[in-house]
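Build the full structure now, drawing on both the sequences and the hints.
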Amino acid sequence: MTEEPRAVSAWGLLRLRKQLERGLPLAARPYQALAERTGLSEQEVINAIIQWQEQGLIKRFGLVVKHRTLGYTANAMVVWNIPDEQVRAVGNIMAGIPFITLCYQRPRRLPDWPYNLFCMIHGTNRERVLAQLDSLITEHNLQDVKHSVLFSNKAYRQRGGRYVSHD
Amino acid sequence: MRLDHTDQQLINHFQRHLPVCERPYLEMSRQLGISEKDVIERLQSLQSRDVVGRVGPVFEHSQAGASLLAAVAAPEEQIDLVAARINRTPGVNHNYAREHTYNLWFVMTAPYSELLEEHLDELEQELKLPMLRLPMVEGYHIDLGFDIDWESLP
Numbered sequence: 052m053t054e055e056p057r058a059v060s061a062w063g064l065l066r067l068r069k070q071l072e073r074g075l076p077l078a079a080r081p082y083q084a085l086a087e088r089t090g091l092s093e094q095e096v097i098n099a100i101i102q103w104q105e106q107g108l109i110k111r112f113g114l115v116v117k118h119r120t121l122g123y124t125a126n127a128m129v130v131w132n133i134p135d136e137q138v139r140a141v142g143n144i145m146a147g148i149p150f151i152t153l154c155y156q157r158p159r160r161l162p163d164w165p166y167n168l169f170c171m172i173h174g175t176n177r178e179r180v181l182a183q184l185d186s187l188i189t190e191h192n193l194q195d196v197k198h199s200v201l202f203s204n205k206a207y208r209q210r211g212g213r214y215v216s217h218d
Numbered sequence: 003m004r005l006d007h008t009d010q011q012l013i014n015h016f017q018r019h020l021p022v023c024e025r026p027y028l029e030m031s032r033q034l035g036i037s038e039k040d041v042i043e044r045l046q047s048l049q050s051r052d053v054v055g056r057v058g059p060v061f062e063h064s065q066a067g068a069s070l071l072a073a074v075a076a077p078e079e080q081i082d083l084v085a086a087r088i089n090r091t092p093g094v095n096h097n098y099a100r101e102h103t104y105n106l107w108f109v110m111t112a113p114y115s116e117l118l119e120e121h122l123d124e125l126e127q128e129l130k131l132p133m134l135r136l137p138m139v140e141g142y143h144i145d146l147g148f149d150i151d152w153e154s155l156p
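Chains as they are written, first to last, in the numbering used here: chain A, 52 to 218; chain B, 3 to 156.
These aren't lab readings, by the way, just hints derived from the structure by calculation.
Everything numeric in this text was worked out from a predicted model, so none of it was measured.
Errors might be hidden in some of the hints.
Derived Cβ-Cβ restraints for the label pairs, each shown as a range [as the list claims (entries may be wrong)]:
no.	chain 1	residue 1	chain 2	residue 2	range
1	B	R25	A	K197	52 to 62 Å
2	A	H191	B	L146	20 to 30 Å
3	A	P165	B	R87	36 to 46 Å
Chain A is nowhere near these chain B residues, computed Cβ spacing over 12 Å in every case [to be verified]:
no.	residue
4	H7
5	R32
6	G35
7	I36
8	P77
9	E79
10	E116
11	E119
12	D123
13	Q127
14	E128
15	L129
16	K130
Even glycine gets a Cβ: it sits at the ideal position worked out from N, Cα and C.
Dropping the structure here:
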């Protein structure tokens, strides 16, 4: 006879999310270690992670690289003022360009901030990033679109988002 | 930073799809042809050298809670102080200086949006600086797990 599966503790799952936001333990049985910290069983931890991946709450599960340490120091945020009715189409085009790592729409804040589309290019040197940007503008006829390039020059903090708990 | 070939392979293979089973590092070690102990030690080393921020999940922000990109225009000579003050606000997970009048850009998260706005209001009052609040309207591509171009690295 098989045992009835017990209901997974909601608090346990919340504790698990909080633990996961800080990263997986580097021990031979990391999910067992998480189970001990959250009051769940190892199997419940494994099941929860698989389920969260399927539901899309976890969109990527793996090594989170700090690009700046590796030498990706020319990190440009390029912002564009795209007519509202075209922003989705342009966003989807940019999303498919290999050197663009992020692309999303945000509201304008006039008069200070006329830009509504953001994209990010992570590069190892400024000249190469600017050349990529030039080719993007030429290939997609963006010459008349007002844009601005904001290279980052210092990272004061870079870590994963923490939604459940607070510092 | 120069990494050896095995470290590069480790990153190439496992920026996504970390095994979810009892012995994930053993599973990874088989794919790389090294020992489980070696995988764990390499991950520890990559973390201590700040090459890997963490091993684990990236949550989908729209499902996970509230988040927002904000920017302030800090006087150039006070930028380090202002950045430090921003970092003391709960939920700040990214904070970069960028070349623009709005020279500090940060991402803040919270369990729900009212709390996020409260934290931003407090920060804005204290800093007495103009602040842009830029929530995401729509994401077209958000994934920093891109293939590393090892050849182009210094």
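Status of each hint after checking the structure:
1. B:R25 with A:K197: 52 to 62 Å: 54 Å, holds
2. A:H191 with B:L146: 20 to 30 Å: 23 Å, holds
3. A:P165 with B:R87: 36 to 46 Å: 28 Å, violated
4. H7: 15 Å, holds
5. R32: 14 Å, holds
6. G35: With a cut-off of 12 Å, G35 of chain B remains clear of chain A, as the shortest Cβ separation is near 18 Å.
7. I36: 14 Å, holds
8. P77: 16 Å, holds
9. E79: 15 Å, holds
10. E116: 14 Å, holds
11. E119: Non-interface label stands for E119 of chain B: nearest chain A Cβ at 15 Å, farther than 12 Å.
12. D123: 16 Å, holds
13. Q127: 19 Å, holds
14. E128: The assertion about E128 of chain B holds, with a minimum of 17 Å to chain A.
15. L129: Label holds. Min Cβ-Cβ 14 Å, cutoff 12 Å.
16. K130: The claim holds: K130 of chain B sits with its nearest Cβ about 16 Å from chain A, beyond 12 Å.
The structure does not agree with numbered hint 3 stated previously, though it agrees with all others.
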